[in-house]
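Protein chains in written order, with the working numbering: chain L, 1 to 111; chain H, 1 to 116.
Possibly wrong hints are sitting among the right ones.
Reference listing, derived: stretches of chain L covered by chain H, where coverage requires no fewer than 3 residues with Cβ under 8 Å from a Cβ of chain H [stated by the list, open to error]:
| id | region |
| --- | --- |
| 1 | 37 to 50 |
| 2 | 92 to 101 |
A partial selection of chain H residues facing chain L, derived with a Cβ cut-off under 8 Å [as the list claims (entries may be wrong)]:
| id | residue |
| --- | --- |
| 3 | Phe20 |
| 4 | Leu43 |
| 5 | Gly63 |
| 6 | Ile96 |
| 7 | Pro104 |
In short, the hints are calculated from the structure, not lab data.
Please read these numbers as outputs of a predicted model, since none were measured by experiment.
Note that beta-carbon positions come from the ideal geometry of N, C-alpha and C, so glycine has one too.
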Amino acid sequence: DQQVKQNSPSLSVQEGRISILNCDYTNSMFDYFLWYKKYPAEGPTFLISISSIKDKNEDGRFTVFLNKSAKHLSLHIVPSQPGDSAVYFCAARKLTDKLIFGTGTRLQVFP
Amino acid sequence: DVKVTQSSRYLVKRTGEKVFLECVQDMDHENMFWYRQDPGLGLRLIYFSYDVKMKEKGDIPEGYSVSREKKERFSLILESASTNQTSMYLCASSRISSAPSNQPQHFGDGTRLSIL
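Just chain H, same shape as in the assembly:
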């Protein structure tokens, strides 16, 4: 079974702090993703990566950055945390799909981040 592990289930930080969320997958997947989930808004993609040291912006990258130094690890960084970044953060990984097939994304259990 694919295992995607997020380092913290719950995290409380203060406004202005630099926050690191860590995600590790054990299935040698090429793709890794960071989402945030908010009530009424579903899952929104923040950043994704197709390979080591490669990153692409998702739909809501503002205020965030990412790092992928190793294939199994994808870090999300809040450069200067703000209260509107209080949310559930979900990491996912998948193999690269080759048409016409699709490789589903496998998710971690999430980090509930509160910014005070």
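Same shape as in the complex, but just chain L:
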């Protein structure tokens, strides 16, 4: 039972354009959502998070949007850069520090 789903295994975007990564969830009890970025041969690194009481959080080029009625969140990267090429995982938290991760989306930003 996959409670956090990333339905797009890969995404290819031109440098300078917007990258939109999507994530769907099934459990309305999740209270926090996070995005992690992972380069090959490295561990995931925390990127940005959003509380379930908000619908938007922005940090520089990265913005996360939360639509609770649709149980959907998205990560926008504007403008996309080649260094953003990585695997992105969304994760959800349910009132504890335990996270449930999605399966990841591989983003490739080409020149």
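With chain L held as given, fit chain H onto it using these hints.
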């Protein structure tokens, strides 16, 4: 900066062996976690610990055990390694979150374990 160190980057073991994966963090974090990452499956939680000598099962604990004798160290043990435990293993640590805030998890660089 938080540093989470996993003792080995690559490890090759044989079926039936007892395997120890070690993880150390230097930021006095209360929480520590062990995940495995497999293609198409994302990160799945094996075990986690909120305190010394405390452990809780994650989503896929079968075939694994853990040990946390000191706050900074969290060990994952494969009691009798099998080929389906070939995977990338990731350790993470975090502070305990107090609502409504969230403390992100910090990950080590992983151990790629092959069971032959």
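Hints versus structure:
no.	hint	in the structure
1	37 to 50	holds (count 7)
2	92 to 101	holds (count 7)
3	Phe20	violated (19 Å)
4	Leu43	holds (4 Å)
5	Gly63	violated (20 Å)
6	Ile96	holds (6 Å)
7	Pro104	holds (4 Å)
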